[in-house]
Structure formats: structure tokens, C-alpha cells
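Asker: Sequence:
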Amino acid sequence: MVKQQNPKEQCPRCAKGKMVTDTESGETFCSNCGFVLSEKLQEYGPEWRSFTQDERGDRARAGAPTSLTMHDMGLATIINPINKDASGRPLTTSMKSTIERLRTWDSRSQVHEPVDRNFRQAFSELNRLKDKLAISDAVIEKAAYIYRKALEKGLVRGRSISALMASALYAACRDTSTPRNLKDVEQAANIKRKDIARCYRLLVKELDLKMPVTDSIQCVARIASRIGIAEKTKRYAIKVLKEAQKREVSAGKDPMGLAAAALYLSCVKNGEDKTQRDIAEAANVTEVTIRNRYKGLKESLDV
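The working numbering puts the first residue of the sequence shown at 1, with every later residue one more than the last.
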């Protein structure tokens, strides 16, 4: 007999024993007084079994989850390309030509509206940026949501779809505290930084977005992994940045530049052989920025 205990559930009768589930009989009862809470266990899984991944896909009756990154949110229907009826018999020649014509009109009508065409172009660009910048699905969903809101407000008219999509992605990265700066988005989207920044300011103003300040500590791991800095050095850099935040030295400074300077300071302190140029290239900042931030951190923190 297989038993499964739920440590959070207590017996409603004696309030001492834990509730135990017998998976064979389906009973849920108290381990102390034996009080039976329920006699039947509900099965939440499917009633069918599958032994291969293909078989599982064929037998599943639910489609993919809805997503804001699809022009129709994943709610579109298609006419089955297999020319067979419900009982599995092949269609007649006349019915086959009718169904083929219906399929053609169905596919045409799905992207007939200008809004749908706009979404298709924008979200194909978003998927390309997702692969280039290695961004999670949650950030992509947020970017798609911001772009949909921008289209609702009529902000896309007269502007580049690619630039607005890139700025929506940058806004989503800022909102979810994902360490991606404007330069990263610029290189991935192949659009001028000035255009992305202009569209980003428009989104923030028109959609009333509240953007959190980027935390420089989150940028440390990214720079360190690019040039192979040791864990000890990385931890010391985080310690330096925490101290800088405590003393309000980091206010008004570029987070990526500050993180790069903290890492360089940590490398010098721990005797790790990394030059300013190495760290500057990994962080996408200039060597002058690192020198200035390094000097400021050293003076204010006395390290």
C-alpha cells in the first residue's frame, strides 16, 4: 500500500495527526485518530497513456498556451490539411476542392486586418531579438504587452516598427531588472541607439511606465562570466557595490560602468590579471569610464 503524507494538512477532528493519502484505495485519513476525510481520490491526469513523445502529441487534446507574442494570441483555428472526414473516410473530389478553397480563404482572412499584419512583423522581430539577446519568455511577454498598448494608443503610426519593438523590449528588460543595456539592444536590432532611446522615452511618457533603477550588482555576474573572473573576485566586487549603495556613491552613475569598475577594483585587490580593456569590452563601456568610476570608488570607500 502506497501512502503519501501532506505535512501542511492537519486533522479537522483531533487537530493532532497529519492527513495521509492512500493512493491505492483513494482514501484520505488521519494518522492519529483514523478519521476518514474523503473516500475517493480525484485523478487529475489524462485517461490515456503514451510511450513516446510523438504519441503524446497525437493524443493530447489541448493546444499550446495562449501568448501575447502571437498576432492572434494563439487562438486561431486551422482547417485540417488531411483530406478525411470525421469517421476517417477520404473526401470526394468535389468536397476536396471546396475544402481547399476554404483553407485558402481561411489563411488569407487571418492576416487581412492591418493590425494583424503589424503584429506579425513586430513579433517576428521580437523573436529574432529574443534569440540574439538570450532573454527569458517572461520578458518577451512583457515586451509584447507594452507594444500592444503602444499600438492601441496609436504610437506606431509614422514610426519604425522595428525601433518601437526594440524600445518595448528595452523597457521590458528595465521593468523586470534584466541586465541588458541600450547598446546590447542596438547591436541586436541593428538600429541606431538614438532612435531606440527616442522611442523608449515616448513609451515611458505616453504609457506612464514606472521604470525601476537598474541595479549594478546584477551586471557583475554578466561581465564576470564573459571574461572568466573567479568567484572570490566577483563576491568582493558585489561587496564593494553594496557598500557604494549604502554610502550613496552610486547615485546617478551608469550601472554597467560602476559594475565594471567594481570588478576591476576587485581584480586589483585579489591579484587577478585582468586589464581595463578586457573588462571594458565585456561590459560595453569605455576604459575612461572604468578609470573614472574606479577612482571614485577608491576615494569614497577607502579601499
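Accuracy of the hints is not assured; some may be wrong.
[As the list claims (entries may be wrong)] Here are the simulated lysine-lysine pairs, DSBU-like style, with alpha carbons at most 35 Å apart: (1) Lys96 <-> Lys130; (2) Lys132 <-> Lys96; (3) Lys246 <-> Lys183; (4) Lys253 <-> Lys274; (5) Lys232 <-> Lys205; (6) Lys253 <-> Lys183; (7) Lys153 <-> Lys96; (8) Lys210 <-> Lys295; (9) Lys194 <-> Lys130; (10) Lys84 <-> Lys130; (11) Lys149 <-> Lys194; (12) Lys295 <-> Lys234; (13) Lys205 <-> Lys130; (14) Lys132 <-> Lys205; (15) Lys274 <-> Lys239; (16) Lys132 <-> Lys153; (17) Lys183 <-> Lys232; (18) Lys84 <-> Lys132; (19) Lys210 <-> Lys130; (20) Lys274 <-> Lys234; (21) Lys269 <-> Lys253; (22) Lys132 <-> Lys194; (23) Lys149 <-> Lys232; (24) Lys96 <-> Lys192; (25) Lys183 <-> Lys96.
[Claimed, not checked] Label pairs and their computed distance ranges (CB to CB): (26) Val288 <-> Pro114: 30 to 40 Å; (27) Ser25 <-> Thr77: 21 to 31 Å; (28) Lys153 <-> Asn80: 33 to 43 Å; (29) Asp273 <-> Arg235: 31 to 41 Å; (30) Leu37 <-> Thr176: 34 to 44 Å; (31) Gly228 <-> Val288: 43 to 53 Å; (32) Cys33 <-> Lys246: 26 to 36 Å; (33) Arg198 <-> Ala76: 29 to 39 Å; (34) Gln121 <-> Arg198: 52 to 62 Å; (35) Gly296 <-> Ala197: 21 to 31 Å; (36) Lys18 <-> Gln53: 33 to 43 Å; (37) Gly88 <-> Ser50: 53 to 63 Å.
No lab work stands behind these hints: they were computed from the structure.
These numbers were taken from a predicted model, which means no experiment stands behind them.
Even for Gly, the Cβ is constructed at its ideal location relative to N, Cα and C.
Asker: Which earlier hints can't be squared with this structure?
Answerer: 1, 2, 5, 7, 10, 18, 23, 24, 25, 26, 27, 29, 31, 32, 34, 37
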